[in-house]
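Participant: Now for the letters of each chain:
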Amino acid sequence: MDLTISNLSKTYPNGTRALDNVSLDIRPGMFGLLGPNGAGKSTLMRILATLQEADSGEAKLGEIDVLIDKQNIKKVLGYLPQEFGFYEKETPLRLLNLFARLKGVAQKKDRKLVVEALLKRVNLWEVRKSKLGSFSGGMKQRFGIAQALLGNTKLIIVDEPTAGLDPEERNRFHNLLSEIGEDVVVLLSTHIVDDVSDLCRQMAIIQNGRILTTGSPQEATNRLQGWVWTAQIPKSEIEEYKSKFFVLSVKLSGGSTHIRILADQTPGKTFKASDPTLEDVYFQHLYSKL
Amino acid sequence: MFWVIFRSELSASFRSPAFWIFSLILALFSFMDASNDVVTRTVMTRFGQAWHNAPVFISRTMAIMSIVGVLFSVVLVARTVAKDFGAKIHHFIFTTQTSKFSYLFGRYFAGLLANLLIYIGVLMGLVLGWQSIDSSFSGPIEISPFLFALLVVLLPNLLLVSSIFFSLATLSRKMFLTYIAAIGFMLLYTTLSGIIRNSDNQVLTTLFDPTLLAYLSFQTTNWTIAEINSNPVPISTLLILNRVIWLSISVALLLYTSTRFKLVADLEKGKKKSQPTIDENSVAVKVLEKLPVMPRLFSWSQDLKNSLVISWRQARRIIFHPAFLVLTFFAVRQAYHNFTFNTGPNGSNVYPFTSFYLNQVGSIFGYMIPITIVFGGMLVWRERDNGSHELYNSFPNAPWMNFMSKFLSLTWIQLFYIIAVFIAGILSQAFLFGYFNFEIPLYAKRLLGIDLINYLHMAVMVLFIHNLAGNKYLGYLICAIYYIADLVIFNILGLGGGLFNYGFLPGYQYSNITGFGHFAPLLIWHRIYWLFFGALLASLTYLLWRTNNETSLFIRLKLAWARMGRASGAVMVLLLIGFVSTGAYIYHNTYILNDFSTSSSFNNARERYEKEYKHLEQEPSVTLSEIDLNIDFFPKARTANVVGSYVLINNSNQHLTDIYYNLTNRRITSDPQVEFSGAASVLVNDEETGFYGFKLDKSLKPSDSVIMRFSYQIAAQGFSENNPKNELATDGSFLHNYPFQMPNFFPSMNYNAIYEISDNGERGARGFTAKSIFSDLDDSLALRITMSELVRYSATLSTDDDQIAITNGNLDSTWNESGRNYFRYETDTLMNNMLVMLSGEYELVEDNFQGVDLQIYYHRNHHFNIENMMRGMKASLAYCSSNFGKYPYKDVRIVEATAVGYPGNGTATSQPTIFTWQENGGFISNLEDPESLDVVFSTTTHEMAHQWFGHILRPATTAGVAVLVETLAQWVRLQCLEDEFGEQIAIDFLQTEMDIYLANRQRDFLGEVPMIKTENQAYLNYRKGSVVMNALEEYISEDSVNSALRSLIDKFAFKGERYPTTLDLVAAFRKVTPESLQYVITDLFEHITLFENQATDASYQRLNDGSYILELEVSSRKFRSDGIGNESEIEINDYIPIIVYGESDKVIYEKFHLINQSHSNIAIILDKKPESAGIDPNLILIDRTSENNQIKVRSDGN
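Just so you know, the sequences run in chain order A and B. Each residue of the first sequence is one higher than the one before, starting from 1 at the first, in the working numbering. Each residue of the second sequence is one higher than the one before, starting from 10001 at the first, in the working numbering.
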């Protein structure tokens, strides 16, 4: 089942245009929505998760109209919000059991089976009887993904799941996401480029409520082949380069300043050609709009 | 550092709105208290005519305000440190250079100072309040009472309260717990102080009560108004001890807190588990197996199940939270404490019927309002608060599931309460009273049908408000405003809440005889009406229920519209139809079938009555002399047909043509047919005031008479919250013709000043001059007026064949005709025109005593004390007949009246040949304790005596009227008690009467007057009356008293030209009193006379002949008091009893001594060894300090 989004717009009462005519065609598999904070990622995700109303436009999962037929979309939806909490004295076992009930698993023994499988899958089985309040950020996120996987989900929406996780936890979380079945649409929003490059076969870059580009990360990176140049420069020259060239990024590495520039030929003799990364693609789209 | 923290905390207090709001609230309360000159003066702090700014009242107001302000102290002081934990900024503070001492006490004392400063509001409120009232209510304003109230009363109270909660909050670091504890503290205080106030140990009570209220109350119990006005609060060792104890506790608490408090970020808890640890890498990626796919079910029944499960999970957390359990405990405790207190030996001492317990559970509603608001808000915002709302909202449940789970959660909580209340009721009935007739269906009707549904309405409203409110605190605020408005607005409007006030249940009167009776349809229809509305409100709440993040009302309305499918739309339309149609039906009953009268429309009619017809009062008018009534009761239809005739006689010396009568038509359903034996034309036909007049074609010559015939129907139609027509009941109908009670069921003749507006405030507002209820003693016109006429009365009453119909007079014959019971009452003797007519399913017990038929009509379940009543009737009848003349009728009866038609819980009222006793009185008194006074016997003798004093001897309606009625009935009661139970019971009885008299002097609004001039002052007419009559007996003997009363009766009985007053009574007493004791009559009846008798020393010596000589030293002072208790000493020259007691309190000497010095030494020769001696130890004279009248006798030498 494909998720088709056409001309979706949303303006907040304070005048912020959070989504501006967004159209996307998303096939099963992991889809990365990349954008800076405030780009409209969460708004799009919430609208798809029925938590907000769109002003105009359409979204369909297969035959189901996401914006209207909310009950039916919820039956196949797994949603992990950007920020969430729980009643802190609850244990994962009891709470997931309740969630299973609410997601329609009516038989007690069914619930037992599915909850056990999920907790093992997200590696929380050992702590199933600890209080959620004592969990670390990563454990909380894993519990979050466990509940999102509950039920025969066809659409999984995970909103900035790796924000604030340490690298090890992030790695673990990536593993979990990568195990989700191929026939499910997984929509992952993030402002971390590596999340997308590690996990997604498709992606879109979003800023100010508009889709800047969409496609496969690999293709997008390939398109910049031969355009990215890098050099180590003195700090004082940054502004000069910025005024003359399209600077993709300036990074500190080992105490020295490395600059990456987008250009059809080498910007200077200290520059070397560099293999483009997804990050280069991201910054290219972000800054070209400025 | 201390000062830095102190200053910054103090300025933070000044910036917080709470500080100003609290000041304002205290100012407002104090202003209301100080400026309130009539209504709630007794409720709050003061009573009687005392100055509002009397020193005692300032202290008392301050003490009460310090209780009101407990929660303010929690906010202003207890939070000062704990708030840092709530905001999680304690890390930053602990890492600065601050010392623990500066941090804790800088915060604490800044909070305490702020707390103290809000009480400036009290001072301002008081001063402004005193300015706003009549200047006669306040004296000069002085500084010292304020200083005392602030420093001695308030400051230690604040210290204590804030130390307790500061310590609790600071050490536990939990504010929520602290708030709950504060609420618990207040409830505990009220409960405990209620219990303790009734304990006899005043010393302990005074020490225990930190607020000083007990101290203030005990110290001033017998103070006169004059003393209240002038005396400062007395400073005694007890006071100092109290303050020292509680100050030490406060300081100890603070010290404990400062040693226990640690500047650490987290409290280490021994049992707390450390962070769960798992070896993350060991499990690695072994989990590639597919997740099991489970069958899923989505249906409404599944969602209902879900909401039940969730609701219980949510409710469980609240119900089994210790704080909630404590709150429940207090609420329930209050109910059963009130029950046991009011029903038990200290209260009315009746059998503990279930309905009496249920009367008390209404108080729990007061707890339910904050509980529902607080927990309702918590539940609605729960997911939002803990951040899981987006998860729950993404789950595939029906939109109503979440709403339903919140509603059901509240229902569980409420049910828990109901069950706790139910169990407490059963347990207290069984174990505290040993009473096992539980009446479970009544519990169910009341607790489920009335209380639970009231609670559920509240739950619906709270959910509705919180669902619409933008955030939790706004929700709380709107809820609070709603419930305050709910309490206030409908009282002001006086519209009657039935149709306008959501969830309103009209008032009803439950009777243990007839149950809910005719109130049942009234209650049920209002229940149904508001249930429709509640369901509509719930539907609306569901439609607008937040199921996603959208907050704008426009979008939510759009969603609601989309959510309202055909089915829910149809349901809502049906609910609306149900609501409107039941509303229409209630409207029809309340406003069409019955009229709806407000107090202002009532007073408007009264105003016009006085303005238009007052002049008729001076005109000569007819006198009612004979009454014949035919009343057919139809109890099942709640109807009575009345046919009657009056013989009206011209007792004036002029010709008369105009005849006027009052018949307010509020109770009368058919047009009254009125005609005269001669032709007559209509003169006045004023339906609004119920005043009618006819002009006879042929005038009445002096002593001529005319017959007035009338017929009409009295019927209850439908139901009405405003005019329930309680006089007509399916069992226990009760009609009367008291002219002084409105409305009347029978015509009462002539313009009657009793129907004028009597409240002097209302009179002033409508431009009338103030009037007093009774005329002056020297008003010669008033001597010709009494409460009611003397008439010849006969009646035929009929009723259903399972009922008995009763009225005044001798029962002549009974018969049954076409399935109905008939009763003919015929009486030759003239009768005081105070008639009652009752019909009910009565049991009858009969006896004959001295030729009089004694009858007791009672409900079959209320059989407990019939025998005691019978004995009381006989005792009183025997005493009165032999002393005041033969009982003039053949029958006398006691009739049980139901609580429905007869307000006045448990009271008895006397009419000629009958006294009616409300069901909750003597019929169900619990007399099982042999130690306590037989109140049934006692009351019966009093009521029976009214046949003589009230009905045979009919006083003029001047001041002192009640002395001729009530005081003389008390006299008979006293004599009967003494004859039946012996002298000691009479002495105990008199001691109680004296205590009540003395304690009530300061509560008298009218001002105390001598006995000859009393008004409706029960503490004088009854209590002081007993004391005075007993003294009279001691001085001039029982026989002399009775011969004086007999002479009065002989002179005035059954005569109608002039009626006796207290002046006649006093004259009769003087006649039988020797010259040397005339002063006693003066003291007792014409002045307020008090004594301060004291036995200061007593010793004895044994004489050689075996006898003893007792040397008794007494002091004796005599005072006259004015209306507010200003005493002036007068010379003493009085006969006062000296009593000496020997072994085991046997009286070995008793004699009146002439005492004519303030200090006297009395030597008495005794033949037995004295143990103790006293001056007036039995208190025949009024003495405010009675405990020093008696003294142990010590041996003096050999």
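Be a bit skeptical, because a hint or two may be false.
Capping the alpha-carbon separation at 35 Å, the derived lysine-lysine pairs in DSBU-like fashion look like this [unchecked claim]:
#, chain 1, residue 1, chain 2, residue 2
1, B, K10558, A, K154
2, B, K11013, A, K75
3, A, K60, B, K10305
4, A, K75, B, K10262
5, B, K10262, A, K89
6, A, K129, B, K10472
7, B, K10305, A, K131
8, A, K120, A, K140
9, A, K140, B, K10262
10, B, K11013, A, K129
11, B, K11013, B, K10874
12, A, K75, A, K89
13, A, K129, A, K60
Computed, partial: chain B to chain A, Cβ under 8 Å [said to hold, decoys possible]:
#, residue
14, V10293
15, R10296
16, G10387
17, N10467
18, N10471
19, L10474
20, L10477
21, T10829
Calculated Cβ distances over 10 Å to all of chain B for the following chain A residues [what the hints assert, rightly or not]:
#, residue
22, N7
23, Q52
24, K60
25, Q71
26, Y87
27, E88
28, L102
29, G104
30, D110
31, A117
32, G137
33, H191
34, D264
Don't read these hints as lab results, they were simulated from the structure. From the three backbone atoms N, C-alpha and C, an ideal C-beta is built for every residue, glycine too.
Participant: Evaluate each hint against the coordinates.
Facilitator: Taking the hints in turn, this is what the structure says about them:
1. A distance of roughly 28 Å separates the Cα atoms of B:K10558 and A:K154; the hinted pair therefore holds under the 35 Å criterion.
2. A C-alpha spacing of about 87 Å is found between B:K11013 and A:K75, which places the hinted pair above 35 Å, so the restraint is violated.
3. For the proposed pair A:K60 and B:K10305, the alpha carbon gap of about 31 Å is at most 35 Å, so the pair holds.
4. Our distance criterion of 35 Å between C-alpha atoms is broken by A:K75 and B:K10262, whose separation comes to about 52 Å.
5. With a C-alpha separation of about 26 Å, the suggested pair B:K10262 and A:K89 falls inside the 35 Å cut-off, and the hint holds.
6. A hinted pair counts as satisfied when its Cα atoms are at most 35 Å apart, and A:K129 with B:K10472 qualifies at roughly 31 Å.
7. In summary, the hint linking B:K10305 to A:K131 is supported, as the alpha carbons are separated by about 26 Å, within the 35 Å threshold.
8. Note on A:K120 and A:K140: the hinted pairing holds, with a Cα-Cα distance of about 14 Å set against a maximum of 35 Å.
9. Annotation: proposed proximity of A:K140 to B:K10262 holds, straight-line Cα distance about 31 Å (limit 35 Å).
10. Note on B:K11013 and A:K129: the hinted pairing is violated, with a Cα-Cα distance of about 82 Å set against a maximum of 35 Å.
11. Restraint check for B:K11013 and B:K10874: the C-alpha separation of about 32 Å stays at or below 35 Å, so the hint holds.
12. Between A:K75 and A:K89 the CA atoms are separated by roughly 28 Å; this keeps the pair inside 35 Å, and the hint holds.
13. Proximity of A:K129 to A:K60 is assessed by CA-CA distance (about 39 Å); at most 35 Å being required, the pair is judged violated.
14. Taken as an interface hint, B:V10293 checks out: its beta carbon lies about 6 Å from the nearest beta carbon of chain A, inside 8 Å.
15. Below 8 Å, beta-carbon pairs count as interface contacts, and B:R10296 has one with chain A at about 3 Å; its hint therefore holds.
16. Checking B:G10387 against chain A: minimum C-beta separation of about 3 Å stays under 8 Å; hint holds.
17. At its closest, the beta carbon of B:N10467 sits 17 Å from a beta carbon of chain A; the interface hint therefore is violated under the 8 Å criterion.
18. A least Cβ separation of about 16 Å between B:N10471 and chain A goes past the 8 Å threshold, and the interface hint is therefore violated.
19. Nearest Cβ of chain A to the Cβ of B:L10474: about 18 Å, over the 8 Å cut. The hint is violated.
20. About 23 Å separates the beta-carbon of B:L10477 from the nearest beta-carbon of chain A, more than 8 Å, and the hint is not met.
21. Among the interface hints, the one on B:T10829 is violated; its C-beta lies about 82 Å from the nearest C-beta in chain A, farther than the 8 Å criterion.
22. Non-interface status of A:N7 relative to chain B is upheld: no Cβ of that chain comes within 10 Å, the nearest being about 19 Å off.
23. Non-interface status of A:Q52 relative to chain B is broken: a Cβ of that chain comes within 10 Å, the nearest being about 5 Å off.
24. Taking the minimum C-beta to C-beta distance to chain B, about 18 Å, the non-interface status of A:K60 holds against the 10 Å cut.
25. At roughly 6 Å from the closest C-beta of chain B, the C-beta of A:Q71 falls inside 10 Å, breaking its exclusion from the interface.
26. For A:Y87, the condition that its CB be more than 10 Å from all CB atoms of chain B is violated, with the nearest at approximately 5 Å.
27. With a closest Cβ-Cβ approach of about 7 Å to chain B, A:E88 is found to fall inside the 10 Å limit, against its non-interface label.
28. Distance to chain B contradicts A:L102 as a non-interface residue, since its nearest Cβ pair spans about 5 Å, not more than 10 Å.
29. At the 10 Å boundary, the C-beta of A:G104 falls inside the reach of chain B, the nearest C-beta of that chain being 3 Å off.
30. Consistency note on A:D110: stated as away from chain B, yet its beta-carbon is not over 10 Å from all of that chain's, at 4 Å minimum.
31. Consistency note on A:A117: stated as away from chain B, yet its beta-carbon is not over 10 Å from all of that chain's, at 5 Å minimum.
32. Interface exclusion of A:G137 from chain B stands, the closest Cβ pair being 12 Å apart, more than 10 Å.
33. Here A:H191 stays apart from chain B, with its beta-carbon at least about 19 Å from theirs, past the 10 Å limit.
34. The Cβ of A:D264 sits about 44 Å from the closest Cβ of chain B, beyond the 10 Å cut-off, so the non-interface label holds.
Hint check: violations occur at hints 2, 4, 10, 13, 17, 18, 19, 20, 21, 23, 25, 26, 27, 28, 29, 30, 31; the rest are consistent with the structure.
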